[in-house]
Amino acid sequence: MSVDQTSAAIADKAAEKSAGETLEPQGARGDEPSAAAPAPRHFEEVLLAVDNVSLGFGGVKALTDVSFDIRKGEIRAIIGPNGAGKTSMLNCINGFYHPTEGRITFRGETRRKMRPYEAAAGGIARTFQNVALFKGMSTLDNIMAGRSLKMKANLFWQILRFGPAMREEVAHRRVVEDIIDFLQIQAIRKTPVGKLPYGLQKRVELGRALAMEPDLLLLDEPMAGMNLEEKEDMSRFILDVNNHFGTTIALIEHDMGVVMDLSDRVVVLEYGRKIADGTPDEVKRDQKVIDAYLGVPH
Amino acid sequence: MSATTETAPEQITTDPEKKDLILSVNNIEVIYDHVILVLKGVSLNVPRRGIVAILGANGAGKTTTLKAVSNLLHAERGEVTKGSIEFEGERIERLSPNDLVRRGCIQVLEGRHCFGHLTIEENLLTGAFTRKDGSAAIKADMEKVYNYFPRLRERRSAMAGYTSGGEQQMCAIGRALMSKPKMILLDEPSMGLAPQIVEEIFEIVQDLNAKEGVSFLLAEQNTNMALRYATYGYILETGRVVMDGEAKMLRENEDVKEFYLGISDSGARSFRNVKTYKRRKRWLA
Amino acid sequence: MIYREAGQFKSSYAADMAVFPLKQDRIGILVIILLAYSMAFFGSTFMLQAVLIPFLIFALAAIGLNMLVGYTGLLSLGTGAFMGVGAYACYKLMTIFPEVNVVIWILVSGFFSAGIGILFGLPSLRIKGFYLAVATLAAQFFLQWTFNRVPWLVNYNVSGAIEAPRRTLFDVQIVGAAATPQARYIVVLTLVILLTWIASNIVHGRIGRQWMAIRDMDIAAELMGIRPFKAKLMAFAVSSYYCGVAGAMMVFLWYGGAEYNVFNIDQSFEILFMVIIGGLGSLIGSFFGAALIFMLPIAMGALLPAIFEPLGIRVGSETIEHLRFMILGAMIIFFLIVEPHGLARLWQIVKQKLRVWPFPY
Amino acid sequence: AVTAAQAQDGIYVPLLTYRTGAFAGSGIPIADGMHDYLTMLNERDGGIGGVPLIIEECETGYDTTRGVECYESVRGNNPVVVNPYSTGITLQLIPRAAVDEIPVLSMAYGLSAAADGTTFPWVFNPPVTYWDGASAFVKHAADVEGGFENLAGKTIGLLHLDAPYGREPIPVLEALAEEHGFEVKLYPVPAQDMQNQSSVWLNIRRDRPDWIYLQGWGAMNPTAVREAVRTNFPVDRLVGVWWAGGDEDARAGGAEAAGYKSLNFHGVGSDYPFMDDIITYVHERGLSEFPRERIGDNLYNRGIYNSMLVAEAIRTAQEITGKDVIDGTDMRLGLEAMNITQERIAEMGMEDFMAPLGISCEDHSGHNQVYVAQWGGDAWTQGTDWMSPMTEFVRPLIEDAAQSYAAADAGWPERTEECP
Amino acid sequence: MNLLHQIFIEPFAFMGEAPDLLLQVLWEGFVSGILYALIALGFVLIFKASGVFNFAQGIMVVFAALTLVGFHAMGVPAILALALAIGVMFLLAVTVERVVLRPLVNQPDIILFMATFGITYFLIGFGELIFGGEPKQMITSELMLPEGRTSFDMAGGFVTIQHIDIAAAVIAVIMIATLGVFFSKTRIGRGLRAVADSHKAALSVGISLNQIWVIVWFAAGIVALVTGIMWGARSDVSFALQIIALKALPVLILGGFTSIPGAIVGGLIIGFGEKLAEFYWGPIVGGGIESWFAYVIALLFLVFRPQGLFGEKIIERI
Ligand SMILES: Nc1ncnc2c1ncn2[C@@H]1O[C@H](COP(=O)(O)OP(=O)(O)OP(=O)(O)O)[C@@H](O)[C@H]1O
Ligand SMILES: Nc1ncnc2c1ncn2[C@@H]1O[C@H](COP(=O)(O)OP(=O)(O)OP(=O)(O)O)[C@@H](O)[C@H]1O
Ligand SMILES: [Mg+2]
Ligand SMILES: [Mg+2]
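Sequence lines, in order, name chains G, E, B, Z and R.
FYI, the working numbering numbers position 110 of the first sequence as 110, with every residue one higher than the one before it.
So the mapping is simple: the working numbering equals the position in the second sequence, first residue as 1, plus 298.
So the mapping is simple: the working numbering equals the position in the third sequence, first residue as 1, plus 583.
So the mapping is simple: the working numbering equals the position in the fourth sequence, first residue as 1, plus 944.
So the mapping is simple: the working numbering equals the position in the fifth sequence, first residue as 1, plus 1364.
Quick caveat, the hints were computed from the structure, so don't treat them as lab data.
Accuracy of the hints is not assured; some may be wrong.
[What the hints assert, rightly or not] Distance ranges between label pairs, derived from CB positions:
{"id": "1", "chain 1": "G", "residue 1": "154", "chain 2": "E", "residue 2": "455", "range": "48 to 54 Å"}
{"id": "2", "chain 1": "R", "residue 1": "1437", "chain 2": "Z", "residue 2": "1287", "range": "29 to 35 Å"}
{"id": "3", "chain 1": "B", "residue 1": "625", "chain 2": "E", "residue 2": "330", "range": "39 to 45 Å"}
{"id": "4", "chain 1": "R", "residue 1": "1371", "chain 2": "Z", "residue 2": "1295", "range": "56 to 62 Å"}
{"id": "5", "chain 1": "G", "residue 1": "162", "chain 2": "B", "residue 2": "753", "range": "24 to 30 Å"}
[Claimed, not checked] To list a few chain Z residues with every Cβ distance to chain B over 12 Å, as calculated:
{"id": "6", "residue": "1042"}
{"id": "7", "residue": "1269"}
{"id": "8", "residue": "1306"}
{"id": "9", "residue": "1353"}
[Stated by the list, open to error] The calculated lysine to any residue pairs, modelled on SDA-like cross-linking and capped at a C-alpha distance of 25 Å, are:
{"id": "10", "chain 1": "E", "residue 1": "437", "chain 2": "E", "residue 2": "400"}
{"id": "11", "chain 1": "R", "residue 1": "1500", "chain 2": "Z", "residue 2": "1236"}
{"id": "12", "chain 1": "B", "residue 1": "813", "chain 2": "G", "residue 2": "98"}
{"id": "13", "chain 1": "G", "residue 1": "135", "chain 2": "E", "residue 2": "335"}
{"id": "14", "chain 1": "E", "residue 1": "478", "chain 2": "R", "residue 2": "1552"}
{"id": "15", "chain 1": "R", "residue 1": "1564", "chain 2": "E", "residue 2": "420"}
{"id": "16", "chain 1": "R", "residue 1": "1549", "chain 2": "E", "residue 2": "480"}
{"id": "17", "chain 1": "E", "residue 1": "380", "chain 2": "R", "residue 2": "1546"}
{"id": "18", "chain 1": "B", "residue 1": "934", "chain 2": "E", "residue 2": "444"}
{"id": "19", "chain 1": "G", "residue 1": "150", "chain 2": "G", "residue 2": "244"}
{"id": "20", "chain 1": "G", "residue 1": "135", "chain 2": "E", "residue 2": "459"}
{"id": "21", "chain 1": "E", "residue 1": "480", "chain 2": "E", "residue 2": "501"}
{"id": "22", "chain 1": "R", "residue 1": "1564", "chain 2": "E", "residue 2": "334"}
{"id": "23", "chain 1": "E", "residue 1": "380", "chain 2": "B", "residue 2": "935"}
{"id": "24", "chain 1": "E", "residue 1": "430", "chain 2": "R", "residue 2": "1468"}
All of these numbers come straight from a predicted model, not from anything done at the bench.
Built from N, CA and C at the ideal position, the CB exists for glycine as well.
Whole structure, please, built from the sequences with the hints as guidance.
This is how it looks when you write it as structure tokens:
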């Protein structure tokens, strides 16, 4: 099924919804099976496989024997209670933590100890739970920094800021401007990001990750601390990235509405163990997930 | 640069009896770095035993408002240049943050800010720094916090810097509770918390409010939750109060529904088919 | 609204990425450079020799350190020693190959200190913050000890000091006691302008962005494919290069000779003051900082007696010295309080105010 | 500050001094001594030859950089001489002296080789050089040991500040060691460890040198004396250069330091006629900052001696040139013709304070006489008679060193006019 | 080969040959270690409680000692002079808090670090202005501190021990133990650590930075006074002492900026290491290696433990 068909299907479903519903607490939209469940998309090619990964810090076991895969082109959500090990999982995937046991295979290559910049060079980009922007730099520079990997001009030309260095700089600037347009952050191009409100910082962070033109994009709570409007914007961006660039996305998020609406498949962690894995609908109905995470359905 | 808005008269009518206000902020203006004007005449009131929510988009100035109250602006090179702030009828702009905590007004900072090198338990104990009522009482309160957040009990001897985002958030809230406050300024309490915990936190807020009479001023993005538990709400946009009213009334408001609750004419929207064009908010017309 | 950018549209990214996108700035810089050159003809000998030449040299060293501390966030207290490496390297090169022009050797000597800088920068891969700062003191003390204990470095001069031999550029003597301050000033000014231009290119390009990324959030930078190893060592190399060149210039174009003690820890601290008071991560700030820290004591030495004498208070030179210390200390604190981001930020705020003038914000 | 106009009607004598910093302890009495003697001449005689002296201090903090700055700032006011008061600063000024035509007077410090007036026409280091000092020390050691032949097989340690100043005596000691068959051991003390000498003294304990020559400065000296006492080193075999002979230096060792020796080339105490003038004209008029009770301290007297040299050179220059207000070139002539005879000494009220002194055009030091002073427990006494250093031995070394100094710097300006 | 012999055989052989010297070297190492530790302790106190790397600790040592000696020289009895000196240190703490720290709250570490340079310069100028630049003798006997020394004969040589050094060791140990307990066990101690972690968060929970800072700077002032007395008794009280403070820096990185036991262990390692190295191995390269050897030891340790031996772990989390 093509992307267009998918969204058309969603639109239909949405239209079916009866008007005048009373207020429901958060998660309400996710609770209703009919509300947002898109016709499932299917993906075959495994982009990243996590096999029996465990991670410990001294006495603390952050991850225990977790296995799942992420397929090319999908939006994969990772959810779970606080401290379940979601962020740690992402950290393992892009080489910031090294699993004490188990293997991670990315594009068919298994690496035991990978340095973070190797992961980046391999095409994994991410955003962070606590915004990790380069605070002293402008939005433009932040996103430009995301293109470091792609810039090749040698020191000599850079010193002169001339010839190949300047051409390269302009070419990448063009790409960055496209990203800026896409994220609608033109107005803050030259503002130091430290001064931006939280929501915009998150957006710039996304832009920085996009600038790396990754194959796999890891998003750690991209919508925390945003209001609805901003969440909607962010959802739009995520979907667009997924649709237009075909970027595979792994997403951690606590807003169930977002997770259920956006993701193709969901893996649920609790206390470092995987307790469920499946489509949003399956997961949502899983009693273990309800007990551990969602709370009793309203 | 007129700072007052048409909503100002309403505020006075909501609570004419100043005595019953635990906090009243009158027409304050805040400037960062001597040049950046962020709050342009914000007024708000918190009744004693009230739960008041400040809503608003990112960068509207919610955090700034809370910091203006708790006097934490100095540390960020910001200052209140106009207006007044009264806590229990007393002007507090000149007080230091620790005087305020002693008087019973404490802030939970946005974005956690635990003491990374202290353990969770030590973090909680620092919350009781200003208390003089003996270690037994403090111990009892700590038990209470642990009962509110069992996860913290499990991680009590972990260094806070290593705990997960949500654990840190719980720690920050628990730490504030340890000071036995009369009033808590909560900045984005739900951020990064699992839905279940969010629910629990608001239950705790309600619980404290009902049982111990703690007043709350909370800045929250999760409008849904906030309006469910708060009694009164203010909506802030680019440094101005653009709307305020009883929570119930706000919930009914079309714009609030549309922009903050995600309910449009066709009911709850899905994140999959959000519209990309920007709709105009009526109150900005 | 004297200083306004409205109406200056940039039609290409290249124009927007220029170091001075504003026309006012470009004209201003040109005027300043012209003025600076004209000082060679109007400035008194004292002005050139005791004020302008050292100011420029210190500004260059401050730029070097700023690239390390301000742009890359690596605190180093070994600047003095790296300057020393440049000076001693230059001395050796000059005396071994006297036929090659000294200006070339001054520029080449920086590579030696870059090499040493990389060596002592290695720990920075693991060590951070003040730990690193103190670790760089190892470089400071070790190198100073080497300058002192390896007689080969001073061509076995018994006194252990180096003396600048006579050297010329275009038949004008520029090194040695008989070189006129005017000649030396022009050489120093040209080199400093050239190197500042290069520094500005570096920090505005990819390397500079990588440095700043490392500074602001090293973990995130690494996760984005910036190799901290390369970026940090590059910062040490470039920074030490600048310091080395400044050191060589200091000895051969200013003092005319030096002993190992010139490159002591106080020198390191002084450059650090310049960087911080001037503004971390700002090239123009390095100039402001150098001006303030270097000229303040000179100005006070002249001012204080002028203040006290009319009051009929007899102050000895040591009292002036003590007051000078006190005032310098107080000034450092004062400037930090007024603007922790340095004079460069103050300058920006002034520009900002000019932009919106006559409105307050 | 001094204006150019003022400098027109007087003789401008800048004093580069240090009353602050790590070496202030030694610097202050010297600065006061220099200042007070010149002030006394102004007050008592209205200057020299009727021309008032314009005295200005510039604070160097014993720091070379600051010293050079001072030089730059005084240079424009037509100084007749500069007293750098630091070997480091002197080394920096030596090449400039010839260009700026301002004589450098480095009294018993600086570059020993500068005593060669042919190569260094603008630099003066009377009355003795460091090389003379070291040779005098060896001579004294030989005397005590009962002759040079008894030095053979002995070990002599040089405990020195690890700086150009401290290293000056090394070549001459090594040359003497070769000549007389003793061994030289070096004990460098880095400036930052001046007050923390325990490891050096452990080394001394290990090597058990028979004699130690102390070329230290500032806080290094008292610490050395104290450590010597602590390590049971016989203090009468610890001999300081004249800069290690401060009263405070010796006093630090307590009672057990009695017997400590130091070279000197002028008297200590205040029992001299000229000193009465200083008290009358300077101290009693409130023009001095030096405490009355410390008048006569060794380093105070050192400062006076320095100023005496300046004054005598000015006087000689005035006599030779017939001018009242002289400049640097004249001053150099005065310095080169300086000859302070016993008569002149008596005239100045300096009998017993100093030995006769002469400088010549070729010999800018004079290699004059010194004596060994000994600490009596609370004052210095004259331990030996005045004696000459080993001039015959030192002089050729100096000439060689001067040659190689000039050779290392191609184009070193030769003396322009022949010595008379 | 010869070099290897010089490095690996001769020093050890010599240790065996002259045990008296070895013992003396070790004692000297111990004493310097203790004294370094005292200076380092002042640094640690302030760093731990405010995250400020206080460069002024060295000058505070001199200033405290000068005040004591200075008051005594004015004719004030020793004990009273001591009390007055403590008072001056308190005033200093209050002033620093008022004038420097309070306006700079929540600024980056490096800015506060620079500010302490400002304090250093100010105190140098101020101290010299008031007390003059000459070295002064410590009033050891008036303070009833032990003087003199004891020598033991052994193995054909002797070992001397200064009584004041013993006193220094005892006092240092007592002080370090007290402060250690204070930091880890008391409410204020916890507050201090919280402040070090984050000014902003500490403010928000009602910890009074001002009060905390006065307390630690005062404590550091007292440590400085004790250090000044001990160093002063060994050498003189002069501004040159300030340079010794630099010696405490490797001790700090070795022990960890935040650890009180680290200061003492680091101090001892550096003290012993430096003296042994200088004495037994220094001569191979011409001596004087003491000036940098401590840094090299510290650097080696750091490469393996970037936070020093006992320092708080550097938290790296994303
Ligand atoms: N570097 C570390 N050292 C010690 N413990 C760690 C470290 N990193 C993570 N942990 C622990 O591992 C557990 C999982 O943490 P993680 O950050 O992955 O949780 P999370 O699922 O992302 O939670 P949240 O939703 O609250 O962000 C936590 O209990 C945390 O304390
Ligand atoms: N320290 C500061 N210096 C300068 N500007 C600041 C500073 N802190 C905040 N601002 C600016 O003030 C405005 C309001 O910020 P504030 O943090 O109060 O918003 P908020 O409503 O809490 O937003 P969010 O929902 O993202 O937390 C923003 O535009 C922000 O850029
Ligand atoms: Mg997480
Ligand atoms: Mg906020």
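| field | Indices of hints not satisfied (ascending) | value | Of the numbered hints, 2, 6, 9, 16, 17, 18, 24 do not hold.
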